[in-house]
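*Asks:* For reference, the chains in residue letters:
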Amino acid sequence: MALRNYILVCGGTGCESAGADSIYKNLISECELQGVADEVQIIKTGCFGFCEQGPIVKILPEDSFYVQVKPEDAKELVSEHIVKGREVARLLYNKNESKKHAKVEDIEFYQKQFRIVLRNCGFINPENIDEYVAREGYAALEKVLFEMTPDDVINELKVAGLRGRGGAGFPSWMKWNFTKQVEDDVKYVVCNADEGDPGAYMDRSTLEGDPHSILEAMTIAGYTCGASKGYIYIRAEYPLAIKRLEIAMGQAREYGLLGEDILGSGFGFDIEIRLGAGAFVCGEETALLASIEGERGMPRPRPPFPAVKGLWGRPTVINNVETWANIPVILLKGGEWFSKIGTDDSKGTKVFALTGKIRNSGLVEVPMGTTLREIIFDIGGGIANGREFKAVQTGGPSGGVITKEHLDTPIDYGSLTGLGSMMGSGGMIVMDEDDCIVDVTKFYLGFSVDESCGKCSPCRIGGRSLYNLLDKITKGDGEMEDIDKMKEIGAAMKKASLCGLGQTAPNPILSTLHYFEKEYLAHIKDKRCPAGKCKELISYNILADKCIGCTACARKCPVDAIIGERRQLHRIDPDLCIKCGVCLETCKFGAVFVR
Amino acid sequence: MAVADSLSNNTADANHEMNPSDTFPMIDTIIEQYRDTGGALIPVLQSTQNLLGYLPKESLQYISRALKIPYSEVTGVVTFYSFFSTVPRGKHVIRVCLGTACYVRGGKDVLETFSRELGIKVGETSEDRQFSLEIGRCFGACGLAPVVMIDEDVHQRVKPTKIRELLVPYRNGEES
Chain X
893 MALRNYILVC
903 GGTGCESAGA
913 DSIYKNLISE
923 CELQGVADEV
933 QIIKTGCFGF
943 CEQGPIVKIL
953 PEDSFYVQVK
963 PEDAKELVSE
973 HIVKGREVAR
983 LLYNKNESKK
993 HAKVEDIEFY
1003 QKQFRIVLRN
1013 CGFINPENID
1023 EYVAREGYAA
1033 LEKVLFEMTP
1043 DDVINELKVA
1053 GLRGRGGAGF
1063 PSWMKWNFTK
1073 QVEDDVKYVV
1083 CNADEGDPGA
1093 YMDRSTLEGD
1103 PHSILEAMTI
1113 AGYTCGASKG
1123 YIYIRAEYPL
1133 AIKRLEIAMG
1143 QAREYGLLGE
1153 DILGSGFGFD
1163 IEIRLGAGAF
1173 VCGEETALLA
1183 SIEGERGMPR
1193 PRPPFPAVKG
1203 LWGRPTVINN
1213 VETWANIPVI
1223 LLKGGEWFSK
1233 IGTDDSKGTK
1243 VFALTGKIRN
1253 SGLVEVPMGT
1263 TLREIIFDIG
1273 GGIANGREFK
1283 AVQTGGPSGG
1293 VITKEHLDTP
1303 IDYGSLTGLG
1313 SMMGSGGMIV
1323 MDEDDCIVDV
1333 TKFYLGFSVD
1343 ESCGKCSPCR
1353 IGGRSLYNLL
1363 DKITKGDGEM
1373 EDIDKMKEIG
1383 AAMKKASLCG
1393 LGQTAPNPIL
1403 STLHYFEKEY
1413 LAHIKDKRCP
1423 AGKCKELISY
1433 NILADKCIGC
1443 TACARKCPVD
1453 AIIGERRQLH
1463 RIDPDLCIKC
1473 GVCLETCKFG
1483 AVFVR
Chain P
399 MAVADSLSNN
409 TADANHEMNP
419 SDTFPMIDTI
429 IEQYRDTGGA
439 LIPVLQSTQN
449 LLGYLPKESL
459 QYISRALKIP
469 YSEVTGVVTF
479 YSFFSTVPRG
489 KHVIRVCLGT
499 ACYVRGGKDV
509 LETFSRELGI
519 KVGETSEDRQ
529 FSLEIGRCFG
539 ACGLAPVVMI
549 DEDVHQRVKP
559 TKIRELLVPY
569 RNGEES
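Same order as they appear, the protein sequences are chains X and P. The working numbering puts the first residue of the first sequence at 893, with every later residue one more than the last. The working numbering puts the first residue of the second sequence at 399, with every later residue one more than the last.
The hints are simulated quantities; they were obtained by calculation from the structure and are not laboratory data. Among the clues, some could well be false.
With a straight-line cut-off of 25 angstroms between C-alpha atoms, the simulated DSS-like cross-links for lysine-lysine are [to be verified]:
| no. | chain 1 | residue 1 | chain 2 | residue 2 |
| --- | --- | --- | --- | --- |
| 1 | X | K1480 | P | K557 |
| 2 | X | K1425 | P | K519 |
| 3 | P | K560 | X | K1480 |
Derived CB-CB ranges, DEER-like [stated by the list, open to error]:
| no. | chain 1 | residue 1 | chain 2 | residue 2 | range |
| --- | --- | --- | --- | --- | --- |
| 4 | P | T559 | X | D1418 | 46 to 56 angstroms |
| 5 | P | T559 | X | K1035 | 55 to 65 angstroms |
| 6 | P | T484 | X | A1444 | 42 to 52 angstroms |
| 7 | P | G521 | X | L1468 | 21 to 31 angstroms |
| 8 | P | D434 | X | G1205 | 11 to 21 angstroms |
| 9 | P | E471 | X | P1195 | 20 to 30 angstroms |
| 10 | X | Y1147 | P | V566 | 46 to 56 angstroms |
| 11 | X | Y1147 | P | G517 | 46 to 56 angstroms |
| 12 | P | T427 | X | K1364 | 50 to 60 angstroms |
| 13 | X | K1232 | P | D434 | 27 to 37 angstroms |
| 14 | P | E471 | X | A1444 | 51 to 61 angstroms |
| 15 | X | L1402 | P | S419 | 49 to 59 angstroms |
Just so you know, even glycine gets a beta-carbon here, dropped at the ideal spot from N, CA and C.
The whole structure should be built from the sequences, with the hints applied where relevant.
*Replies:* See below:
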């Protein structure tokens, strides 16, 4: 009997943590209970990208998009949608009450997206190789092995104009070509899945949703460059991605797509997984290689570049997850097709993790050249809670902020660098007027200081000095000369640090000093934090005309700093208050305010 | 052993109190699995910590001899990576995410509340060895910020006022 419906349940980390697995199990048991198990296929897919609305369930062929589904909703979804053929209106995504937004194509979040990297995420069961194959999976590998020479492959990548998606944007074909040209009987292929940039999870979702695409691409690189062994270096924080990669590798070996004599071509290639152990600097390629070798993950001076002298001194092609995910599509559809997407400077698409104070948090993939305004306001739905947009941070601890005036800049590698930020791996953190720029900058510096490996002194000492200056400013002890000091130290670190971490660590400071100098001055001269975030510069108070004396805040206060009898005006004792903000969160009458 | 297995936090409690030399045969089994692996030290340490809950000095010395890697290098690696611990950890490991998305959505206040509630600082373990408090650098669940991971459970959109409630099942040993 033909299947009547397909039910796709999002199985990304976000939705899983919100009960997707129970939804999946309940749907299966409900279909059995209601006698429709034979007519329905229920599939757990990778991330749909629209994480804000999770857990997400999509039912085909109607293309109904159900959001914020709870495990107990399974019964109604089956009895109404599957059995009776009626959509469950209360669970459909519906932003405007007046208009019904039921189908994926009607949802603004997806309308400007163009999916190459995330092509299979949310469509296939990542734990089933047949579903990948059904969507042209491993067709590129077959084409490469039987119809293309290594030079053909490199030429195709050159025509495509693909640049590395890990941050630096180095042309991928050049890397591959360097490794191919070196004569050595042992070479390696490495996938950098050590996605450490806080606020970025593109690679995790790709690995969870479409692990075979990475295996296929690495095998193609092995054939092209003459390597027979690959490593995937992945963060230990991503257990689900690791599990799905292991399943995928097992299935690929079973199908003769990994291992000896792939598809009878005589070419052999296999992959091993290595887990990170919690060091951000291992995302830097030479540090990553040191870590695979079992050493402290400290960067090594380049040149020699890994393409020539990498893992165990052998030529090594190393690319990040997103770069790999592009490869099979480029080889199937051709470099020329790919080169028509994007801008002159940057071809193809870029996946961004859109987070922070944005209405629609999630993963978005857009053609290069899309403007920030389109991403933040059209796709992302603008700022949550009616607050005002302040800035967007790109490039993580290595990047900078972009302000309102530059929202219409088309995004590519060059334009972001021109604005004093960078593409980075694709984290995009939106900030509103409640976020203190100095505080967020201190956060980034704190991160870089924590993660500095300590090998070179510009990074080790310079980073700490910058952090101390910022700390002093946020505590109200800043002096005017601190601004020049920060600029000076930052310039020295950029010049003299050994690796990317130290060279880019001052970027958040230099960028925010440029765009938000006033906010620094408010902290230094007026001893005031305009956003009300820096604890030493603010106080919590109670508005006399709003407080009804309900004692809710006083009962929650962890240090008993709120004084006041029932039905009488409360008061916060500034000497006892630790400024934790619990009273502000607790008060239902808007009587607590920050000054 | 599947790589994923070496991640789980299901440390046997009894092992905490075992005489370190009693665990050497188990470490031998681990080392045997990585005999032909280049750069075996880190996978061996990861599996050993999974087995024992932490890396006692005696185990590190044993690994150093078995792999013929100087003890100084072994401890160099152990202290470099934040995942390795040379002191016993609590029954439950609380990791408060301080990735950027969680930070701007109030992760720092969540962390401070946990610290106050448990009476321990980041990196410390409560006296009853029930809880260890650590910070996380992005679990990739940014859409659900602020996020806290207790053992393997991800708790989303955590509010400081709800933390006492959140800890109850773990305190009573009723966690999922």
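*Asks:* Confirm or reject each hint.
*Replies:* Structure-based check of all given hints:
Restraint check: the Cα-Cα separation between K1480 of chain X and K557 of chain P comes to about 15 angstroms, which is no more than 25 angstroms; the hinted pair holds. The straight-line distance between the Cα atoms of K1425 of chain X and K519 of chain P is roughly 22 angstroms, inside the 25 angstroms bound, and the hint therefore holds. With a C-alpha separation of about 16 angstroms, the suggested pair K560 of chain P and K1480 of chain X falls inside the 25 angstroms cut-off, and the hint holds. At roughly 32 angstroms, the beta-carbon separation of T559 of chain P and D1418 of chain X lies outside the given 46 to 56 angstroms, and the hint is violated.
Checked against the hint of 55 to 65 angstroms, the C-beta distance between T559 of chain P and K1035 of chain X comes to roughly 58 angstroms, which is consistent with it. Distance hint for T484 of chain P and A1444 of chain X: a CB-CB separation of about 45 angstroms, consistent with the stated range 42 to 52 angstroms. For G521 of chain P and L1468 of chain X, the hinted distance range of 21 to 31 angstroms is satisfied, since their beta carbons lie about 27 angstroms from each other. A beta carbon spacing of about 19 angstroms between D434 of chain P and G1205 of chain X agrees with the range 11 to 21 angstroms that was offered as a hint.
Checked against the hint of 20 to 30 angstroms, the C-beta distance between E471 of chain P and P1195 of chain X comes to roughly 26 angstroms, which is consistent with it. A beta carbon spacing of about 48 angstroms between Y1147 of chain X and V566 of chain P agrees with the range 46 to 56 angstroms that was offered as a hint. Restraint check, Y1147 of chain X to G517 of chain P: a C-beta distance of roughly 55 angstroms satisfies the suggested window 46 to 56 angstroms. Roughly 53 angstroms separates the CB atoms of T427 of chain P and K1364 of chain X, a value that falls within the hinted 50 to 60 angstroms.
Taking the beta carbon of each, K1232 of chain X and D434 of chain P are about 47 angstroms apart, not inside 27 to 37 angstroms as hinted. Here the CB-CB span from E471 of chain P to A1444 of chain X is close to 57 angstroms, well matched to the stated 51 to 61 angstroms. In this structure the hint that L1402 of chain X and S419 of chain P lie 49 to 59 angstroms apart at CB holds, the actual value being about 55 angstroms.
In terms of the numbered hints stated before, the structure departs from hints 4 and 13, listed from lowest to highest.
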